[in-house]
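K.L.:
Sequence:
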Amino acid sequence: MRKMFFLAATVFLLAALAAALSGADIENTANGVSLWLPDDWETDNDEVQGTVIADAPEEDAFCVLQVLVNDDDLTAALSTYGDALAEEMDTFAATGKTQRPLNGMGAMWIKGEGLRDEKTWSVDVLLVSTGKAVLMCALGWEKDKEGQFAHLREKIFSSVSRLE
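When we follow this note's numbering, the leftmost residue of the sequence shown carries the number 18, and every step to the right adds one.
Please keep in mind that the hints were generated in silico from the structure rather than gathered at the bench.
You may find that some hints are simply not true.
Said to hold, decoys possible - Capping the alpha-carbon separation at 25 Å, the derived lysine to aspartate or glutamate pairs in DMTMM-like fashion look like this:
#, residue 1, residue 2
1, Lys160, Asp89
2, Lys136, Glu181
3, Lys160, Asp88
4, Lys172, Glu159
5, Lys162, Asp89
To be verified - Ranges between beta-carbon positions, derived for each pair:
#, residue 1, residue 2, range
6, Pro74, Asp42, 18 to 28 Å
7, Arg179, Thr137, 26 to 36 Å
8, Glu181, Gly99, 23 to 33 Å
9, Glu135, Thr92, 30 to 40 Å
10, Ala167, Val65, 29 to 39 Å
11, Asn120, His168, 14 to 24 Å
12, Thr112, Glu135, 15 to 25 Å
13, Gly164, Thr92, 28 to 38 Å
Positions of the beta carbon are idealized from the N, C-alpha and C atoms, including for glycine.
Construct all of the structure, not just a fragment, from the sequences and the given hints.
P.N.:
Written out as structure tokens, the structure is:
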């Protein structure tokens, strides 16, 4: 009986994990990049504006990809990402920054939190230098839902790559 329960629970958890990780690569040719996003997120891929905006089904998480500066200058992007992020967040305070490459591109990783719709949100920002521009990819979720969305950070950010 215990083995059957354990087996059933394991199958259920694996099915839930597979569903949570199902998604698709979104190509934004205006920016020359692609990224992975969950299938069930509402996604607006605006080739004219060069933006990708996605929201989780319950609007308790979001992802934004957009050009910050039209040259290959991460330092310049550091002074502009706050303005771009203000379109999604009411306030934002960085709590940490690290610089390390991503898929052969220069990148700056920023952690922080802020307010959105009177709730506290955790937000991770990736600034990535594509060789032509610096893009911001921001992923945020309601702070009390860390366990539900934190695993997506590595999945989404590591998927950002140049289109060939």
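K.L.:
Hint by hint, note whether the structure agrees.
P.N.:
Hint by hint, here is what the structure shows:
no.: 1; hint: Lys160 / Asp89; result: violated (32 Å)
no.: 2; hint: Lys136 / Glu181; result: violated (40 Å)
no.: 3; hint: Lys160 / Asp88; result: violated (33 Å)
no.: 4; hint: Lys172 / Glu159; result: holds (18 Å)
no.: 5; hint: Lys162 / Asp89; result: violated (35 Å)
no.: 6; hint: Pro74 / Asp42: 18 to 28 Å; result: holds (20 Å)
no.: 7; hint: Arg179 / Thr137: 26 to 36 Å; result: holds (34 Å)
no.: 8; hint: Glu181 / Gly99: 23 to 33 Å; result: holds (32 Å)
no.: 9; hint: Glu135 / Thr92: 30 to 40 Å; result: holds (33 Å)
no.: 10; hint: Ala167 / Val65: 29 to 39 Å; result: holds (32 Å)
no.: 11; hint: Asn120 / His168: 14 to 24 Å; result: holds (19 Å)
no.: 12; hint: Thr112 / Glu135: 15 to 25 Å; result: holds (20 Å)
no.: 13; hint: Gly164 / Thr92: 28 to 38 Å; result: holds (35 Å)
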